[in-house]
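Asks: Listed here are the chains, written in short residue letters.
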Amino acid sequence: MSYDGVYSDKVMDHFMNPRNVGEIEGASGVGTVGNAKCGDIMRIYLDIDDDGIIRDCKFKTFGCGAAVASSSMATEMVKGKSIQEAMQVTNKAVMEALDGLPQVKIHCSLLAEEAIHAALWDYCEKHNVTIEGLKRPKNDIND
Amino acid sequence: MSDRKNNAIFLDNASTTAMRMETLEAMEPYFLEDYGNPSSIHSMGRTPRDACQRARKTISYIINAEPEEIFFTSGGTESDNWAITSVARKAGKEKNIVVSKIEHHAILETADALEKEGFRIRRVGVDADGLVDLEELKTLVDEDTALVSVMTANNEIGTIQPLKEISEIAHAKGALFHTDAVQAMCHIPIDVREMGIDMLSASGHKFGAPKGIGFLFVRKGVRLDPFMRGGAQEEGRRAGTTNVPGIVGMGKAAELESAGMARKMKEISEMRDHAIERIEKEIPYAKLNGHRERRLPGNVNFSFRFVEGESLLMMLNAAGICVSTGSACASGSLDPSHVLLAIGLPHEIAHGSIRMSLSERNTMEEIDKAVDVLKSSIERLRSMSPLYEDYVKKEKCQRCHTTEYTAIR
Chain Z
212 MSYDGVYSDK VMDHFMNPRN VGEIEGASGV GTVGNAKCGD IMRIYLDIDD
262 DGIIRDCKFK TFGCGAAVAS SSMATEMVKG KSIQEAMQVT NKAVMEALDG
312 LPQVKIHCSL LAEEAIHAAL WDYCEKHNVT IEGLKRPKND IND
Chain A
414 MSDRKNNAIF LDNASTTAMR METLEAMEPY FLEDYGNPSS IHSMGRTPRD
464 ACQRARKTIS YIINAEPEEI FFTSGGTESD NWAITSVARK AGKEKNIVVS
514 KIEHHAILET ADALEKEGFR IRRVGVDADG LVDLEELKTL VDEDTALVSV
564 MTANNEIGTI QPLKEISEIA HAKGALFHTD AVQAMCHIPI DVREMGIDML
614 SASGHKFGAP KGIGFLFVRK GVRLDPFMRG GAQEEGRRAG TTNVPGIVGM
664 GKAAELESAG MARKMKEISE MRDHAIERIE KEIPYAKLNG HRERRLPGNV
714 NFSFRFVEGE SLLMMLNAAG ICVSTGSACA SGSLDPSHVL LAIGLPHEIA
764 HGSIRMSLSE RNTMEEIDKA VDVLKSSIER LRSMSPLYED YVKKEKCQRC
814 HTTEYTAIR
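As they're listed, the protein sequences go chains Z and A.
FYI, my numbering numbers position 40 of the first sequence as 251, with every residue one higher than the one before it.
FYI, my numbering numbers position 359 of the second sequence as 772, with every residue one higher than the one before it.
You may find that some hints are simply not true.
What the hints assert, rightly or not - Under the rule of at most 27 Å between Cα atoms (straight-line distance), these lysine-lysine pairs were calculated in the DSSO-like manner:
#  : chain 1 : residue 1 : chain 2 : residue 2
1  : A       : K470      : A       : K514
2  : Z       : K248      : A       : K807
3  : A       : K700      : Z       : K248
4  : Z       : K221      : Z       : K290
5  : A       : K514      : Z       : K248
6  : A       : K788      : A       : K809
7  : Z       : K248      : Z       : K292
8  : Z       : K337      : A       : K806
9  : Z       : K221      : Z       : K337
10 : Z       : K248      : A       : K624
11 : Z       : K337      : A       : K470
12 : A       : K503      : Z       : K337
13 : Z       : K248      : A       : K503
14 : A       : K529      : A       : K508
15 : Z       : K248      : A       : K788
16 : A       : K807      : A       : K700
17 : A       : K470      : A       : K551
18 : A       : K503      : A       : K551
19 : Z       : K349      : A       : K806
20 : A       : K508      : A       : K551
21 : A       : K700      : A       : K624
22 : Z       : K349      : A       : K508
23 : Z       : K221      : A       : K700
24 : A       : K700      : A       : K788
25 : Z       : K292      : Z       : K346
26 : A       : K677      : A       : K624
Think of the hints as simulated: they come from the structure by calculation, not from any bench.
Small disclaimer: the values here were computed from a predicted structure and weren't measured.
Given only the sequences and the hints, what does the whole structure look like? Please build it.
Replies: And the structure:
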């Protein structure tokens, strides 16, 4: 399968120049999803302040071009947002922001959504809070 | 994109090859002047018919066969399908067919389809270098084995099989031996008599001929029913209007490529060995896939831990370097290459595999540039890999534990 010309310009841009790559020391929440066996692992770090605003967001991803671009885009979309706003960053929203993904790569955007949710879940557990509509991450790395 | 296509460093010669101008020129008259159908009785059929016979002779000579044993097809896939399917149907469902686990999909998917119909298929494994397990093969081949099919050289990892030993095992039980030589034809010496080959598939575009032409060698005395029906071409064994320009092109390419084969093999393997040496020296956590010595001259295949193949391929592509990967992400399935799994690589390592396949059109400078870009791309991808992060932290942790332990002692 060829991807030259199949990925949108936005995907290529976020793959070649990924935003927010890295780690956050002492992050408020960290979520890792995916499975090395399937070839995709995404980790998202969130720095959330006392007002529930995501001050910073970083990622590390092992995966294909679409996986890297989806994580990069997802971090951009939640940075500076409230937790409730971050909950609205769905895989569909990530995909739309990237001007679409090839059919076989849609799961990459889903992984980005799950990584954010997993990081938020970690934040909830660490800080003893609950977020409406947030479920325990199912796609855990250790599954 | 189009402006850099001509400047691309093409390290994907196992996927296809460039044609030489001489080959194109040899083909040209059969499009424009001597366009007749070789099956025609009138005068326009004569020149193309003779040209096809010359190509048949050239090709047969290279593999030490007779011209009557060469049957032109549309390529390697058709040749593989033809050989396996026709032998299976003639032998019947009581007999069995043995194939290796690292065959091309043209063999494996044909075998799977036959199995669904009720034919008996046995699959022989390979060792960590990709060599067929001869002891296992001996236990799988029995009096009911109609055919053993093992490729000459693997398309992904480049391992060259001991064909003579394999054919002896097949023949000892009265089975036929077929080999898919798509990656080997005109790249390494093949002698069908010496190696005991009963049938051999090859594809023109892998050695400088156009796409859409190939052949199946069928040893005299092997009765093989036609696969394509509807005409008397190729002695009634492969119907369909003769692809004259393709055949002429394949004959010319075979002549040109086989002429300097020893020199070519030496030059290409020098570039290959240089790439392997540099990668092993300069890139940590890299594993060479395939046999170190019994290897196609142009094949370099590595797995790089903590990175994924498709993203690596994309970074190389952005720098104008064309390679291929065994990662699942590039195939649209969840599983990485069956070849890499068969040699025992875990999924996560197989996902980080890259194949560079060289030709004599490549230069040492290109190889050096490719390795430089590979190195920096891997560094970059590792810096953003959670697997690498975990590994480094674990290592650090283990190291500090060791230090403490030493201190206490």
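Asks: All the hints need checking, so say for each whether the structure fits it.
Replies: Going through the hints against the structure:
no.: 1; hint: A:K470 - A:K514; verdict: violated (33 Å)
no.: 2; hint: Z:K248 - A:K807; verdict: holds (20 Å)
no.: 3; hint: A:K700 - Z:K248; verdict: holds (18 Å)
no.: 4; hint: Z:K221 - Z:K290; verdict: holds (18 Å)
no.: 5; hint: A:K514 - Z:K248; verdict: holds (20 Å)
no.: 6; hint: A:K788 - A:K809; verdict: holds (23 Å)
no.: 7; hint: Z:K248 - Z:K292; verdict: violated (33 Å)
no.: 8; hint: Z:K337 - A:K806; verdict: holds (22 Å)
no.: 9; hint: Z:K221 - Z:K337; verdict: violated (35 Å)
no.: 10; hint: Z:K248 - A:K624; verdict: violated (35 Å)
no.: 11; hint: Z:K337 - A:K470; verdict: violated (77 Å)
no.: 12; hint: A:K503 - Z:K337; verdict: violated (69 Å)
no.: 13; hint: Z:K248 - A:K503; verdict: violated (41 Å)
no.: 14; hint: A:K529 - A:K508; verdict: holds (15 Å)
no.: 15; hint: Z:K248 - A:K788; verdict: holds (24 Å)
no.: 16; hint: A:K807 - A:K700; verdict: holds (21 Å)
no.: 17; hint: A:K470 - A:K551; verdict: violated (36 Å)
no.: 18; hint: A:K503 - A:K551; verdict: holds (23 Å)
no.: 19; hint: Z:K349 - A:K806; verdict: holds (25 Å)
no.: 20; hint: A:K508 - A:K551; verdict: holds (16 Å)
no.: 21; hint: A:K700 - A:K624; verdict: violated (33 Å)
no.: 22; hint: Z:K349 - A:K508; verdict: violated (48 Å)
no.: 23; hint: Z:K221 - A:K700; verdict: violated (33 Å)
no.: 24; hint: A:K700 - A:K788; verdict: holds (14 Å)
no.: 25; hint: Z:K292 - Z:K346; verdict: holds (20 Å)
no.: 26; hint: A:K677 - A:K624; verdict: holds (22 Å)
Violation of the numbered hints given earlier is confined to hints 1, 7, 9, 10, 11, 12, 13, 17, 21, 22 and 23; the remaining hints are satisfied by the structure.
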